[in-house]
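Chains as they are written, first to last, in my numbering: chain A, 1 to 204; chain B, 1 to 219.
Misleading hints may appear alongside valid ones.
[Claimed, not checked] Computed list of lysine to aspartate or glutamate pairs in DMTMM-like fashion (alpha-carbon distance at most 20 Å, straight line):
1. K55/B with E161/A
2. K83/B with E68/B
3. K83/B with D154/B
4. K55/B with E79/B
5. K55/B with D75/B
6. K169/B with E159/B
7. K211/B with E34/A
8. K52/B with D75/B
9. K171/B with D109/B
10. K91/B with E5/A
11. K211/B with D32/A
12. K175/B with E159/B
None of these hints come from the bench; they were simulated from the model.
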Amino acid sequence: MHISEGVLSAPVLISGMALTAAGTAIGLKKLDYEHIAKAGMLSAAFFVASLIHIPVGPSNVHLVLNGIVGLLLGWSAFPVILVALILQAVLFQFGGITTLGVNTMIMALPAVLCYAVFSPFIHKRNTVALAAAFACGALSVFLGALLVGLALVFTEKNFLEVSAIVVAAHLPVMIIEGIVTALCIIFLKKVQPEMLPGKVEGNQ
Amino acid sequence: MKSKLKETVRTVFWIFAYTLLLAGNAHAHRVSVFAWVQGDTVHVESKFSGGKKVKGGRIVVTDSSGVELITGKTDNSGEFSFKIPRQTDLKIILEAGMGHRAEWTVPADDMESMAVEDQTPPTKPTAEREPEITEAVQNEQNVSMPDQVPAGPDLAEIEAVVEKVLDKKLKPVLKMLAEFGENGPTIRDIIGGIGYIIGLVGLAAYLRYRKRDVVNTTN
Chain A
1 MHISEGVLSA PVLISGMALT AAGTAIGLKK LDYEHIAKAG MLSAAFFVAS
51 LIHIPVGPSN VHLVLNGIVG LLLGWSAFPV ILVALILQAV LFQFGGITTL
101 GVNTMIMALP AVLCYAVFSP FIHKRNTVAL AAAFACGALS VFLGALLVGL
151 ALVFTEKNFL EVSAIVVAAH LPVMIIEGIV TALCIIFLKK VQPEMLPGKV
201 EGNQ
Chain B
1 MKSKLKETVR TVFWIFAYTL LLAGNAHAHR VSVFAWVQGD TVHVESKFSG
51 GKKVKGGRIV VTDSSGVELI TGKTDNSGEF SFKIPRQTDL KIILEAGMGH
101 RAEWTVPADD MESMAVEDQT PPTKPTAERE PEITEAVQNE QNVSMPDQVP
151 AGPDLAEIEA VVEKVLDKKL KPVLKMLAEF GENGPTIRDI IGGIGYIIGL
201 VGLAAYLRYR KRDVVNTTN
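The shape of chain B in the complex, shown without the other chains:
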């Protein structure tokens, strides 16, 4: 009888010890998720307020109508990447356990899929000017030759390169923006909150003394 009790106590202890390890990073009050597009891949980053990464958080990617497209788990640095399944608004939901949940939407505009890109370049004036110049330098003799004919493939190439470089250069900026948006409570928030509470107390006190005044005057 006694040994059974001991055994139960021990099991309970191990369950606690184990869950304590598991739940190590699951304790915070806010979780945030952030995603950006790089080429045909979407990178997802997640963290708790206070900067702790979400390890092993469940990621669910759905389209705008809520159809599940991809599910996965964040790795040890709180990141998760997936190929864009198709051109649609992607909603990325992070479930970090114990009631913590966050969302991030990647609009369809952010993903320039290859199919769409092939048609668009000729209508983009900024992208067009650059290749024309290089063409002109290359074919100095045939000035009168139409520039547009060989410009086709180059244009796509340049655009791809520019896009790649921009993605790379903008990554830290995007990250910074995301971090900027999720700053913890500032001193302003704290003082503001306390101010509200003092205001409520004042309101209650006002009601009380007004009542007393009424009583006093009627007496």
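Isolated chain A (complex conformation):
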């Protein structure tokens, strides 16, 4: 999910940067001090997750974890993912500095969307929450892959073909990520429910 430098054309890079800047501004505004520690932890987790390679079939894939970051943070996923990606670009040479905007957008936008869709279900019964968390983890990777396809369209052939390849390559990640997200949410529900979003006391 990390697009290298020199692949994308300037308009794509610039629009990616603009969207990321807007998302980060909103995210920082919504990030109150109570959640700084949580955001930091998730940023660290996201930063390290891409190093965890899971051999699947002929290739190996790495975790993205944008689903869980989005689910727990909402809009604040933007600054959190941006920070982690900056560090990945500088320290691991994953992606690149010029593609930072696009890469952040690719991973953070699905996170926010999935947050909007799935966070209401988190406080429901365990089975519902489990299903929602799984869907959130899987869908955010899927949408990210679609966005990669979208970003590459302007340099490579046609949208469907590129997206199909990217999505297909990420199918195993989607499943693993869904399971990881589901496990995390169930665990947090039991142990640390105040970490979950929108926990309104007495309301639910």
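Starting from the structure of chain A, add chain B where the hints point.
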């Protein structure tokens, strides 16, 4: 109606299955390319982070001003070789699909084309000494004869041989160097990154408590 739906589902499934096979090695986050010169050929090697070879990656060779000279695809062991088209800085670009791209530049100095070599040997002092000795051993009688006259062809020959042997001997070293440069993230990088994040959290916490202090003192 139903069979049509079934058919679409099946097509989509096959597209996925097929692309999954195709994309098998296209999934990694960094790709690197490395090239070295051997005689009049440039060898290119490519791999993803984690050591997987880039199979069928697109290689584009351009000169320093970006004019495309050669294009090709890497073979199953991630390698690609081509004859040097002309004496210029060669930029080798590897496109491994899905937004993965890497570059390597072979400077013009690395390619000693034959035309240039013919003129240079007499000015190279290290190369000159050796043939003189062999000449001296061969023509023991005519010590006073000028050594330089028959030394010409031998010099070129020796240089060619030395170059060939050096290329061969240096190949593993060059490869090692290339591998050394592309080591994956080390534990230092990881801890460093986490440290930065903790630092940011600390900064935010500091800002918060400073604000509260200000509020407290003003109240």
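Looking at the structure, which of the earlier hints fail to hold?
-> Structure breaks hints 3 and 12.
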